[in-house]
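All residue numbers for the sequence shown refer to the numbering used here, where the first residue is 2 and numbers rise by one.
Rather than coming from a laboratory, the hints here were simulated on the basis of the structure. Treat the hints with caution; some may be incorrect.
[Said to hold, decoys possible] Below, computed lysine-lysine pairings styled on DSSO-like, alpha-carbon distance capped at 27 Å:
#	residue 1	residue 2
1	Lys171	Lys114
2	Lys114	Lys180
3	Lys8	Lys61
4	Lys61	Lys114
5	Lys171	Lys61
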Amino acid sequence: YQGERLKENVEDLVSEFGENVPLFPCDVSSDEEIARFFREVRGQTDRLDLLLHSVAFAPKEALEGDFVSTTREAFRTAHDISAYSLVAVAREAAPLMTNGGSIVTMTYYGAEKVVPHYNVMGVAKASLEASTRYLAYDLGPKKIRVNCISAGPVNTLAARGISGFMSMLKHYQERAPLKRSCDTAELGATGVFLASDGAAAITGQVIYVDGGYQIMGM
2 YQGERLKENV EDLVSEFGEN VPLFPCDVSS DEEIARFFRE VRGQTDRLDL
52 LLHSVAFAPK EALEGDFVST TREAFRTAHD ISAYSLVAVA REAAPLMTNG
102 GSIVTMTYYG AEKVVPHYNV MGVAKASLEA STRYLAYDLG PKKIRVNCIS
152 AGPVNTLAAR GISGFMSMLK HYQERAPLKR SCDTAELGAT GVFLASDGAA
202 AITGQVIYVD GGYQIMGM
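Full structure from sequences and hints, please.
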């Protein structure tokens with residue numbers, strides 16, 4: 002987790018896995034912080050099977066108005082935290098995946114099509130998806146698989162920071178073949194599948210969990 006503001010939420014989540022589950026802070030914008038985090042992990046275990054990368058950030062003003070108004074700093078920040086962090090944590094995690102493993106990251110439809118107000122985050126997610134493919138190629142010989150889950154809109158704190166989010170959610174519910182988006186349990190189940198032997202031949206892919214919205218042309 003990053004910062005005390007988010008610690009309580011993460012603690013609640015971790016508590017579901019039982020007592021004495023280790024929890025460490027990590028600022029993914031810092032290579033030193035990432036290296037320190039993985040030193041802490043190595044102090045707990047000598048093997049890692051799954052890495053879930055679920056980190057994204059862009060300044061609030063970059064998720065409003067026009068994409069053409071994106072500042073250089075907002076562009077850099079969005080890509081550093083939302084995309085490059087996957088490369089950085091995968092590099093540290095790979096040596097711990099001594100018997101192969103699964104790296105899963107979270108993306109969104111705005112990586113491939115224009116979603117108004119998603120702006121620089123859509124461009125950063127496109128970078129994340131491309132990074133997934135290159136990591137899958139690099140790490141494949143080590144039996145490490147790298148995939149993306151492309152989630153439909155879910156009503157979360159982060160999502161509500163996107164201008165017009167509730168209208169976006171309503172649009173999904175109207176247009177998706179299943180007449181809904183997805184929920185967190187369904188996303189979790191997809192992650193479990195990608196971590197399992199059932200997905201042993203799947204790598205470098207974007208798996209859509211969006212009620213079928215991605216297939217629609219009109």
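Now the hints, each set against the structure:
1. A hinted pair counts as satisfied when its Cα atoms are at most 27 Å apart, and Lys171 with Lys114 qualifies at roughly 18 Å.
2. Restraint check: the Cα-Cα separation between Lys114 and Lys180 comes to about 20 Å, which is no more than 27 Å; the hinted pair holds.
3. Pair hint Lys8 plus Lys61 holds up; C-alpha atoms about 21 Å apart against a cutoff of 27 Å.
4. A threshold of 27 Å between alpha carbons decides the hint, and for Lys61 with Lys114 the separation of about 21 Å falls inside it, so the pair holds.
5. Distance check on the hinted pair: Lys171 and Lys61 sit about 22 Å apart at the alpha-carbon level, within 27 Å; holds.
In summary, the structure agrees with every hint in the numbered list given earlier.
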